[in-house]
Amino acid sequence: MTRRPVVLSVNGTDHEVWVLPSETLLDVLHDELGLADVRYGCGEGVCGTCTLLLDDEPVNGCLILAVQAAGRRLTTLRGLMGPGDAMHPLQECFLRHGAAQCGFCTPGMVLTSLDLVRRRGRTSREEIRYALVGNLCRCTGYTKILDAVEEYAGTAAADPSPGVAST
Amino acid sequence: MTTVEPPHTATGRYRVVGTSPAYHDFVDKVKGSLHYAADWRLPGMLHGRVVRSPVPSARITGIDVGAARALPGVAAVLTAADVPSNAIVEMASGGLAELEVTMPVLAQDRVRYAGEPVAVVAAATRQIADAAAELVAVDYEELPGVFDVTSALAADSPRVHDVGNTLVTWQIRCGDVAAALAAADVVVAGEYRSQHVEHAYLEPEAGVGWLENGVLTLRVSTQVIEHAAAIARIIGLPQSKVRVIAAYMGGGFGGKEDMTVEPYLALLVWHTRRPVRMIWDRQESLVASTKRHPFLMRYRTGAASDGTITAQQVEILGDAGAYPNLSPRVLFAAAACACGPYRVPNASITSSAVFTNNVPASAFRGFGAMQVVLGYEAQLDLLAERLGLSRTEVRERNFLAKGDLLPTGERLDTCVEVAQTMHRALALLGEQEPPRPSGPGKLTGRGIGCNRHPYGRTIWFRDRASAWLSLQADGTLLIRSGVTDLGAGQAASLCQIAAEVLGAPLEDISIYIGDSALNPPAGGTFATRQLYMSGNAVLHAALELRERMAPVAAGLLGVQSDELEFAAGRVRVRARDDGVSITLAELASACGQRAISTAHLSTWRAEAGSFDPRAGQGDTFPDYTYGTHAADVEVDTETGQVTVLRYAACHDVGRAINPMRVEGQIQGGAMQGLGYALTEDMGIEDGYVQAALFANYLIPNAQDFPDVLVDIVESGEGKGPLGARGIGEPPIGNVAAAIASAIHDAIGVRPTELPMTPERVLALLDRSAAGTKGQEVQE
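For the protein sequence lines, the chains are Y and H, in the order given. So the first sequence is numbered by my numbering: it starts at 1 and just counts up by one. So the second sequence is numbered by my numbering: it starts at 168 and just counts up by one.
Check each hint, because a few of them may be wrong.
Covered, in the sense of this in silico footprint (three residues per stretch, anywhere, with C-beta under 8 Å from a C-beta of chain Y), are these stretches of chain H [as the list claims (entries may be wrong)]:
id	segment
1	186 to 192
2	202 to 212
3	667 to 680
4	835 to 846
5	865 to 874
A few chain Y positions that, by computed beta-carbon distances, are all more than 10 Å from chain H [what the hints assert, rightly or not]:
id	residue
6	Arg4
7	Pro83
8	Thr106
9	Arg119
10	Ser124
So these bits of chain H aren't anywhere near chain Y, every CB distance computed over 12 Å [stated by the list, open to error]:
id	residue
11	Asp276
12	Glu370
13	Ala373
14	Glu393
15	Lys408
16	Lys609
17	Arg631
Since the hints were derived computationally from the structure, they do not count as laboratory data. Glycine residues also receive a C-beta, built at the ideal position from the N, C-alpha and C atoms.
Construct all of the structure, not just a fragment, from the sequences and the given hints.
Shown next as C-alpha cells:
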C-alpha cells in the first residue's frame, strides 16, 4: 500500500499528512500529529477514549479511516480550550466535581457530553447516562461525571454563552 | 495549578487536609494535556510486538524466525535464546510447601497458557511489527492441560509444572474448631465461587524505552518502578544501569503491579540500541494480562442460639493460572481476612494457590481479601435466617471491637467503627424497606455487606517509604518521591500533607514522582499502602524540616519555636494578630545564611512482626479499613434480570485527607464491584478466554447502575498520616456480598456463584420453586 496525502483540519488548523489507506484517524491524530488527547483504548469502538468531534458529532477515531476525514472539521478536547489555555466551562465543571481520576476517559466524556448539551440543552440525568454509554470509565463510577455534566447542562441552558453554540 | 472552590470545606484544626482542591495532574487531565506512557515519541523509535502462544499447553518443537527477520523494516526478532537471564523471579512468600517455579520472559520449550510470550519483535512501524509477528513460525505439540482447581488437585491430573500443582498453602488456626462446631447450637455451611475478572483499565499496557548515557531507561505505565532490579537481572546489567520512570497511569487496579511491557521493551532496546515503543492491544491485554483469582470457598460456621459465632472453618482454593506471580500473597490475604469483621474464637482456615493452564492470576484491587467477603457475609445472612434474627442484629452480636483478638492471635489496636458504617449505609438508602416491586413477576430485596480490608503490606516485609522535601530559595516547595500514581491522586495527597505542615500554598508545590534513578524509593503503589506509607514519609519529612527551620524563624520573630505557625506561605506567631511574620522565602534565605539546609530526606518504616506459617499464628497486616455497603435490588422472576435500584456505601477512612477523592475511590470501587457481582466474567473455557473482545467483557457503563451514595466516617484512628486509613482497595470488597444479600432477601435463596447473571438467578428461582433452600445444611 502506498501513502497518499490528505489534509486534516484539526482544531482549526489544516495539516497535510501522508497516510496509508488502512490507517485509522486515531493512529494518525495520535502518532502523526501528536494529539495526546485522542487515545487508543480498545480499537473496537467500545470504550470511547478516542472520541473526537467530526463536524461537531462525536465519533470513535478508531473506527474511521484517516482518508475518510479529509475535508471534515475535526475537534479534539484541546480544541475546546480558549486563549491562554483557558478551560471550556464544561471542563471547569469536571474540575469542580472531581469528575476524573486517571483521566484517560476524560476527553471522550467531555466531548460526548458537550454534544449532548448542544443538542438537548437542559437535559436530564437519565439522558446524560444514555448519551455516555459509549464512553467507559473504570475509575470514577460515573457519579461525579454525571454531576459535572448535569451542572453544565443547567448553566448552559440558562446562559447560552461559551461552548453552547460554537466550539 | 488552578484552584477551584472546593465543594467540601475544612473542618476542625486542619487548613489544607480535609479540603478538596483541584490538583496539578487533575488539571492536566481535564485539559487533555497529560502525557501517558503511550504518548512519547523518540527519534528513530521502533515499535515492539510480543508473539504469544495460541494454545494453553504445548511443547515447543521448533521456532523459525527467518521469514520474520527477512521482512524489510524489521530490526529484531528475539526468542528465549536471546534473553540473557530468562527468568522472572518472585521472592518466596514463606508459605507452607511453597514450590519454586520461575516464569520465563520468553517461553523456551514449553508453553503453559494461551497468551504466553514466545518471541518479541521490533520494526520500523507498527504495521511491520504486526506482520513480522505473524511470520514467526512456532511449532507446538499440544499437551493435556488442567483448567480448574478441582481437576488440578486430582492425583492423576496433568502437571502444569513438574514439581506439582499446589503452589503454596496457608493455614490459620486458633482454638478447637471441631469441638466448637460439635457443640454449636446451629451450624450453617456454604460453598461460594468467583470468576476470572479483568482489570480493564482504559489505558492498555504501554511504554517507551531507550538508551541514555549507557543507562537502559523505560518510561512505562507501571505501579512498581522497583522492577528496575528485575529488569537489570534479566538483561544482565548492574542495577545502576537500569532506570524506570512511571508515567501517570490510565488506571492500574493491580494489573500493572507485575511487570507488563517492561522486560520485552528492555530486550528490544538492548538488542537494537534504539528507542522502542510497545503498546499492547486491548485484545492482547484481555487474553494475556493477569486476572483476578477465581476462588472456590467452603465455609462452615457454628453459632450459639443468640447468634454469637463460636467457630468457623474455611477452605479456599485460588486458581493461580500457569505461573506464581503474586498468588502466594493473594491467598495469604484471603486466609488472614477470611473471617471478616467478626469475632471468631475458634477458627481453622486453609487456603491454597493452585496451578492451572489458565492465564496467570495476580494482584487485583482487593487482593484475596475481597473474594472472601462473598463467603463470610453469606454465612452471617444464613445464620440470621436460621435463628430468626435480623441481618443487622446478627452482625452487631459479632462485630470486632478494639482490643479483640483476630484468629491470627493479633490484637486490634485501632477502633472498629463497622457498626456505625452499617447504620449509616442503611440510612443512606432512605427508607426502612426496599421499594415495592414495579410490577407483577418482580421481587425486591435489600442487602448489606460489611468488610474488614487491610491497608499496607504484610507486616513481615517491614515496609518502608522515603520522601525528600526542599524549600526553595523563593519559598516554594519541591517534593521528590518514588510513588507511582494510578489516578487516585496518590501524588496530590502528598502535596496536601506537606502543605498542611509547612504552610506552602498548594500552587507553590511541585512533586516529582515515579523515577527509580532520581527519586527516593517509595515502594510500589499497591496494597492500599501509599497514603499510609508515603503519606507518613512526607508527613515526617515535613515535620522534621519544620523543626529544623523553626528556630531560625523564631530568632527572627523574637519568640520560641513552639509559638510559630506555618500557613499561607508565611511563618507567624500563633498567639498574635499584629501581622508580624516572615515569608517562607525569607525563612529559606535566613536558613541559607546560617548554613542550615532547607532540604530533607526522611524514611518511614512500618511496624515489624512475624508470622509462623506452621502454627498459623502471628502478625499479618498493620491495620484495617472497615465499611458497609447496602443495596436495594429488583429481581425479574421471568428473566432472572437483577436491577440495582439504590446503592449506598460507607467506610471509616480514619481521616479524609481529600474528601472528594475519598468519595471518588468509594464510588469507583463500588462500581467496579458491581461489575464483578453481576456482569463481568472472562469466561475461560479449556484455557481459552471467551471474552476476547472488549465488547464481550461487560464492565459497567453509565447506564447500568445507579449513583453510588457515599457517607464517610472519620474515626481519626488509622495508622496513616493524621489518623488516616487507606481507601483504595476496601470499597470493592463489599459489593458482591451486598448484592447477593439483596437477591437472597428478594427471592429467598442465596446466590453463591459470581457473576450473578440472569441465567444463574433463574436457576436459583427454579430451585426455590422446587423447595430446596440453596446451600444451607441442617446439622
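Hints, one by one, checked against the model:
Coverage of a stretch by a chain is defined here by at least three residues with a beta carbon nearer than 8 Å to that chain's beta carbons; for the segment 186 to 192 of chain H and chain Y the count is 3, and the condition holds. Given a C-beta distance limit of less than 8 Å, the hint that chain Y covers the segment 202 to 212 of chain H holds, as 5 residues qualify and 3 suffice. Under the rule that three or more residues need a Cβ within less than 8 Å of chain Y, the assignment of the segment 667 to 680 of chain H is violated, with 0 such residues. Only when three residues or more bring their CB closer than 8 Å to a CB of chain Y does the claim for the segment 835 to 846 of chain H stand; here the count is 5, and the claim holds.
Note: the segment 865 to 874 of chain H has 6 residues with beta-carbon separation from chain Y under 8 Å; the three-residue rule is met and the coverage holds. Even its closest Cβ contact with chain H, about 15 Å, leaves Y/Arg4 beyond 10 Å, as expected for a residue assigned away from the interface. Separation of Y/Pro83 from chain H is adequate, the least Cβ-Cβ distance of about 14 Å exceeding the 10 Å criterion. Its beta-carbon lying about 5 Å from the closest one in chain H, Y/Thr106 breaks the requirement of being farther than 10 Å from that chain.
With a cut of 10 Å on Cβ distances, Y/Arg119 stays outside the contact zone with chain H, its closest approach being about 17 Å. Non-interface call for Y/Ser124 relative to chain H: holds, since the shortest CB-CB distance, roughly 13 Å, exceeds 10 Å. With a cut of 12 Å on Cβ distances, H/Asp276 stays outside the contact zone with chain Y, its closest approach being about 33 Å. For H/Glu370, the condition that its CB be more than 12 Å from all CB atoms of chain Y is violated, with the nearest at approximately 5 Å.
Distance check on H/Ala373: its Cβ comes as close as 9 Å (rounded) to a Cβ of chain Y, failing to clear the 12 Å threshold; non-interface status is violated. No Cβ of chain Y approaches the Cβ of H/Glu393 within 12 Å, the least distance being about 21 Å, so the stated non-interface status holds. Non-interface call for H/Lys408 relative to chain Y: holds, since the shortest CB-CB distance, roughly 30 Å, exceeds 12 Å. Here H/Lys609 stays apart from chain Y, with its beta-carbon at least about 20 Å from theirs, past the 12 Å limit.
Under the 12 Å C-beta cut-off, the non-interface status given to H/Arg631 relative to chain Y holds; the minimum distance is some 27 Å.
The structure does not agree with the numbered hints 3, 8, 12, 13 stated previously, though it agrees with the rest.
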